[in-house]
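Just so you know, the sequences run in chain order A and B.
Everything in the first sequence is counted per numbering that gives the first Met the number 0, starting at 0 for the first residue and increasing by one.
Everything in the second sequence is counted per numbering that gives the first Met the number 0, starting at 0 for the first residue and increasing by one.
Source of the hints: derived by calculation from the structure; they are not laboratory data.
Backbone N, C-alpha and C fix where the C-beta goes; we use that ideal spot for every residue, glycine too.
Hints may be right or wrong, so weigh each one.
Stated by the list, open to error - Residues from chain A that face chain B, not an exhaustive set, calculated with beta carbons under 10 Å:
id: 1; residue: M3
id: 2; residue: R5
id: 3; residue: H98
id: 4; residue: R133
id: 5; residue: K136
id: 6; residue: K206
id: 7; residue: A219
id: 8; residue: I220
id: 9; residue: R223
id: 10; residue: K224
id: 11; residue: Q229
id: 12; residue: E243
id: 13; residue: Q245
The lines below spell out each chain.
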Amino acid sequence: MKAMKRYLYDGTADGLFSAISWILEEEAEPENVVLAEREQTLFEDGFFIATNVTQAESLFVRLRNRAPDAAYSISLFMLAEKGGMESSLLNYIALVFTHGDKVSGYLTHPAVRDIVSLAKKAGRELHRMKGLLRFEKLQDGAYLAKMEPNHNIIQPLASYFCTRLRAQHWFLYDVKRRIAAQWSNGGLQFGTIEQFITPALSEDEKKVQLLWQTFFKTIAISDRKNPRLQKSNMPMKYWKYLTEKQGE
Amino acid sequence: MDTLTKLQILSGAARYDASCASSGSKREASSGGIGNTSQSGICHSWSDDGRCISLLKILLSNDCRYDCAYCVNRSSNAVERASFTAREVVDLTLEFYRRNYIEGLFLSSAVMQSPDSTMERMVRVVETLRLEEQFGGYIHLKIIPGCSSELVRKAGLYADRISVNIELPSQVSLQRLAPQKHKDAILEPMALIGREITSSLVERKADRRAPRFAPAGQSTQMIIGASPENDFQILRLSQGLYKKMNLKRVYYSAYVPVSDDNRLPVLASPPLLREHRLYQADWLLRFYGFSAEEILSDDLPFLDETFDPKTAWALRHPEFFPVEINRADYATLLRVPGIGVTSAKRIIAARRFSSVTPEGMKKIGVVMKRAKYFITSSGMSFEKAGRAPALIRQQLLLGEATATLPSRQLLLPGLFL
Ligand code: SF4
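Only chain A is shown next, with the shape it has when bound in the complex (with noise of 0.2 Å):
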């Protein structure tokens, strides 16, 4: 067996994007290379590669226009925030770069694998929050939203919402990353905060939450009555914030 090249990159995405542009350029098989997160410690194991924004930006670019569908999925998989995966990144966008859009078919490939299936766990929660999340009125006419997903959602989520709720001024805010968005008077903002204190809500806001638990509760059917069914779609961890689901 051939001995594998060692790169390294400083951890933050347009590190690891850099990394991979440098690397596609100056070595013929990247199948034979290992990207990993630089550690702190004294002796680096690897050749560590500079970040470049630049060069970052611009292979995603090209990546973009080489293959819309591929790209989109490196851009879920990005969500996931997932160490450890670097490698099989790499070698996935050298295979994308050969076949193109196709290469999603390509499942037996264990990278493709890798890449594919984290970008679709992080794609399918995106998805179930645009149904999930709920918004509560606040005192000054304001919206805020309050999530713990899994994965990193917040931008994607925000800029669906941006379209859908345009004439609202709302929050996004993720509870266990401490960042929140912000859309007002037609523009989006993030930030992080560090401690949250808990707004007042608006005095019709428990009357309407009350329509909205009726509701759920009469639109079932009793004698039908399937908790199984239920969790396996909306899993218990995303019930913290549901309205319908308070006080159960």
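Mind docking chain B with the ligand on chain A? Use the hints.
Same frame as chain A, but now just chain B with the ligand:
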């Protein structure tokens, strides 16, 4: 009566309606308004019976003048009656939509004073939502048979999907069980909607700004088991509706006894398995290139209870098999039991790179325990040659001993308008 009580009565009365789909329409948000629709449809919650909730599904009123034998809201039945005002429905829809509880509204109604006055109030709801509130979310509106064509046209301009329920699979049954409804009053608006949809599509090709008419199409619903029609009659009716009326979907709803009216059959339990088989056969009509005459015939007028319609067809057609996975075209792959639309597409995609192996087929999602009797992979078969259908039947039965009804489609009739 306050809104909460009305909501309780009027969502309870709508609960048995089959259709919940919110997909198939793409409506952009207007700049000052609220909401859009998405092509794939979104579930916002799942109720305690496990069904997807995507729309605020309610009746405008359950205060019915008609007396259809199979319906809880028939005038001779003693239930609590309620009616929403148009404004109440508009406000509920908006408040729910702003909090992301729903994709939109599904509005149906019993016949209040007259079909026209009822439909008029329903149209007022959607008109207010679209024009005054600039609501861009999904709207499914039921047409009250017998209302004016002017109201049907208006409904189609504002709604994403409209539907007229066909109720029962034949005119004779309709006359017997729903004497105040007439076949023509059902078929006329259906045909009108079909024509309007087609012409709006043509116009929009010429001019993108031409108005849309029910962009998510029209659907209908019929009750199964309250009248004597066989499955072959029902499937041929559906096939005609898909082909001639351009329907997007036909929903089937197993009849559940709601009264001891002697015009109705006495059933021990709702024919849920039959309903399920009809949905499967309907699927074959729409996505698998089957015709009703291939699935059933006058000599064989009922769907097999033991096997799904595709497996039943395959067992009757041994000459069609085995199918070679690495060569067969898409239409042929689709005929193999255990291979669905997705897995057929995946097989075709995967074949580009290398031939598909049994391992690969499992990963792709092929149900091998069913498919293995009907396929070869690069010339290799999975079962001994000389597959006598009778033997395969037996084998399949053994493997299928645990098959249970999917609980997704448990539909009882309630209101069929
Ligand atoms: S089916 Fe419709 S018209 Fe007939 S009784 Fe029920 S609500 Fe009234």
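Worksheet entry | Numbered hints the structure breaks, given as an ascending list | Structure breaks hints 1, 2, 13.
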